[in-house]
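Chain A is fixed; fit chain B onto it per the hints.
Below, each chain spelled out in residue letters.
Number of protein chains: 2
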Amino acid sequence: MININKKAESLGKVRSVIRDIFEYGNARRKEIGAENVYDFSLGNPSVPAPEAVDGAIRDLLDNCDSVALHGYTSAVGDETVRSLIADDINRRFDAGVTKDDIYMTCGAAASLTVSLGAVVNDGDEVVAIAPFFPEYRVFAEAAGAKLVVVPADTESFQVDIASFGNALTPKTKAVIINTPNNPTGAVIKRDRLEALCEVLKKKAAQFGTHIYLISDEPYRELVYDDATEVPYVVNMYDDTIVCYSFSKSLSLPGERIGYIVVSNRMEGCRDVYAAVCGSGRALGFVCAPSTMQRVVSRCLGMTSDISVYKTNRDLLYENLTSYGYECVYPDGAFYLFVKSPEADATAFCERAKKYELLLVPSDSFGCPGYVRISYCVSTDMIKRSLPSFKALIEEYK
Amino acid sequence: MININKKAESLGKVRSVIRDIFEYGNARRKEIGAENVYDFSLGNPSVPAPEAVDGAIRDLLDNCDSVALHGYTSAVGDETVRSLIADDINRRFDAGVTKDDIYMTCGAAASLTVSLGAVVNDGDEVVAIAPFFPEYRVFAEAAGAKLVVVPADTESFQVDIASFGNALTPKTKAVIINTPNNPTGAVIKRDRLEALCEVLKKKAAQFGTHIYLISDEPYRELVYDDATEVPYVVNMYDDTIVCYSFSKSLSLPGERIGYIVVSNRMEGCRDVYAAVCGSGRALGFVCAPSTMQRVVSRCLGMTSDISVYKTNRDLLYENLTSYGYECVYPDGAFYLFVKSPEADATAFCERAKKYELLLVPSDSFGCPGYVRISYCVSTDMIKRSLPSFKALIEEYK
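Here the protein sequences come in this chain order: A and B.
First residue of the first sequence? That's 1339 in the working numbering, and the numbers climb one at a time after it.
First residue of the second sequence? That's 1339 in the working numbering, and the numbers climb one at a time after it.
One chain only, chain A, in its complex shape (with noise of 0.2 Å):
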């Protein structure tokens, strides 16, 4: 009889819906053909990274001394790195970072299990809104805090701050948000940012604690249109926490590289960033990768060619919604969140998959009766897929 983690065990042993799914599409294709499957299952970049980072790697190793290049680095990330990255955030966002508040991570699930680990006691709670990564409950509960979450505003899928004020309580130590979100695409509007950081700071100010921001923007650059703005909340509430990866914009999401930005604004920041060091340290993150790091500091402001993602979004959203699906119309990301046409989004795709349509239901956001569809596919494939998503929805007609 052994007597391990529990908690570890159940969680290395619950298989998540999505890789069900993708497990089956792997089956499926074997079986008809992989030009015969539609699989809008996975959340992976399906462009390439710019060649701007390939290049990079090769300059390193061309012209970096082999012990600088492949060695560990400050546990905060090398101190360039930062200061290029600073300097990045600034021109883009005014936004009065330093290269002292930054803190360089493996990707945006260390930068989330860091930021809790450093503001997290037991028994605190993490507020998140509906739809959210599912990991995030994971992250929440692994740093010793319960997870409150946020009816889902199904209207826009922007934040009903009514239903926010009241998840907030005196034990709230952070509240996470992801803007462009995943599963919807959804982009929270700068009056509503607005109207959140309010709400925060009026809670904060009565409850007299302070009540972390973490803000994880992994889908920051994917947005497809000129007039979506995504703002940078460092500048709107002073007790901010970025979280951020360059997975999604670099399509490097095995490199495992991004950072966090500590808002030099918050009361104690030297001290909040402290715990961001000591939460990385105890979670066994000596360093980034430290020939990413320096690969990332060099393109910065780039990003892969996202207009294929552009071209698929308008594509699905046009003829779906014409077809007669309901959908929020996704300002980025790379995610279509549709309404399941019965209320059992599982059910419903399970019918899906008699038209080798393989779509994610959206139980496992939080957010019951709707399914995600990841377009960072083949345009070719969107356009193959279309005449069974058609047929799908006459079944319910």
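Calculated from the structure, these hints are not laboratory results.
Hints may contain errors.
Note that identical chains are pooled: a pair holds if it fits in a single copy or bridges any two copies.
With a straight-line cut-off of 30 Å between C-alpha atoms, the simulated DSSO-like cross-links for lysine-lysine are [claimed, not checked]:
(1) LYS1509 with LYS1345
(2) LYS1648 with LYS1691
(3) LYS1437 with LYS1721
(4) LYS1677 with LYS1527
(5) LYS1344 with LYS1509
(6) LYS1539 with LYS1735
(7) LYS1484 with LYS1509
(8) LYS1648 with LYS1728
(9) LYS1351 with LYS1484
(10) LYS1368 with LYS1527
(11) LYS1351 with LYS1539
(12) LYS1691 with LYS1351
(13) LYS1539 with LYS1721
(14) LYS1527 with LYS1351
(15) LYS1344 with LYS1484
(16) LYS1540 with LYS1344
(17) LYS1351 with LYS1735
(18) LYS1728 with LYS1677
(19) LYS1692 with LYS1648
(20) LYS1437 with LYS1351
(21) LYS1677 with LYS1509
(22) LYS1541 with LYS1509
(23) LYS1437 with LYS1368
(24) LYS1345 with LYS1484
Chain B alone, transformed into the frame defined by chain A:
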């Protein structure tokens, strides 16, 4: 008044002794010139990665699809990479390891935090044998355990088996061993390891528990004499978890790449492996860096040019002992563990600074009265430092 995680904050603020010495060295180098400072403080590989490492990176960039190369791997690591590593282990140690027993990690620290998170429950005890890498305490406590320290066997820096047995209780969940050892360079001999495993088996049977033997092996390849054997613990004890890193063997400490082996001989091995996956997930490790996974799988069996370390060890050991320093002959790693000629090793290190010798007092390794000398430095610096070592010990005669 902020109310963040105090433990994380203090972990982030406690400056490590080693870091302090290194920064003193930086200041001193500016004052009197780098060539006049003899800095033996850091355990950072001083020889470049084998050329095959950069060659593998270039080849992957040239011949691998960008989306696949930089994309997510499976959370446990790329399947081909794990197969190649299992094959290499079995070729060398005939250990019956399979790809499904291997979990790729972001280096040695991650291997340890993930393993401890998998098996430890709150209130468990984790045993370390002095002298030990100070982060073991941080990692054990972060997992919810109390660290129990076996006093050093200062005769040989092997393990005193009687003391070891006394440290085991019904609460002991894991034992960490580290051979070749940081900070002593000692390699635990086969008969001593066998005795250690026998005690573990006897005590686990007596308590009706499982005690996991976590073998922290970043220095496995760094041994310098043909006669020195580093036994493979999987073959000696069923409840073994190996924590490996390529940081030292391939001089890649900044790239964060290593792996865990969950021995398939342990009871419930699939459950323990699942707990490793769940632990890694909760800590925020999505996958190990994707390019580096492929790189190390192409460089198995290679090392950096460790002959430099052997030269350094021999030079330092022969000269220091001839001057009158007391030191156990180090079989591996790149450390010399020298007895301080006065009881207070910190005072001795202060006195050494007069001769521009930067040494690390052993207190933080759980074994006061010694200094650690890292010989991953240039041979030339060692030669130039010898008169200083000689003059320093003369003060005590």
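Hint-by-hint comparison with the structure:
1. LYS1509 with LYS1345: Classified as both: same-chain Cα gap 24 Å, cross-chain 19 Å, threshold 30 Å.
2. LYS1648 with LYS1691: The answer is within: 26 Å in one copy meets 30 Å, while 62 Å across copies does not.
3. LYS1437 with LYS1721: Close neither inside one copy (46 Å) nor across copies (39 Å); limit 30 Å.
4. LYS1677 with LYS1527: within (22 Å within a copy, 65 Å between copies)
5. LYS1344 with LYS1509: both (27 Å within a copy, 16 Å between copies)
6. LYS1539 with LYS1735: neither (48 Å within a copy, 68 Å between copies)
7. LYS1484 with LYS1509: both (10 Å within a copy, 28 Å between copies)
8. LYS1648 with LYS1728: Answer is within; shortest intra-copy Cα gap is 21 Å, inter-copy 71 Å.
9. LYS1351 with LYS1484: Close inside one copy (21 Å) and across copies (27 Å); limit 30 Å.
10. LYS1368 with LYS1527: Neither, since 44 Å and 52 Å both go past 30 Å.
11. LYS1351 with LYS1539: between (40 Å within a copy, 28 Å between copies)
12. LYS1691 with LYS1351: within (25 Å within a copy, 54 Å between copies)
13. LYS1539 with LYS1721: neither (47 Å within a copy, 62 Å between copies)
14. LYS1527 with LYS1351: neither (38 Å within a copy, 38 Å between copies)
15. LYS1344 with LYS1484: both (18 Å within a copy, 19 Å between copies)
16. LYS1540 with LYS1344: between (40 Å within a copy, 25 Å between copies)
17. LYS1351 with LYS1735: neither (39 Å within a copy, 64 Å between copies)
18. LYS1728 with LYS1677: within (15 Å within a copy, 79 Å between copies)
19. LYS1692 with LYS1648: Cα proximity of LYS1692 and LYS1648: one copy only (28 Å, versus 65 Å across).
20. LYS1437 with LYS1351: Between copies only: 18 Å across, 40 Å inside.
21. LYS1677 with LYS1509: neither (34 Å within a copy, 52 Å between copies)
22. LYS1541 with LYS1509: within (11 Å within a copy, 44 Å between copies)
23. LYS1437 with LYS1368: between (50 Å within a copy, 23 Å between copies)
24. LYS1345 with LYS1484: both (15 Å within a copy, 19 Å between copies)
The structure does not agree with the numbered hints 3, 6, 10, 13, 14, 17 and 21 stated previously, though it agrees with the rest.
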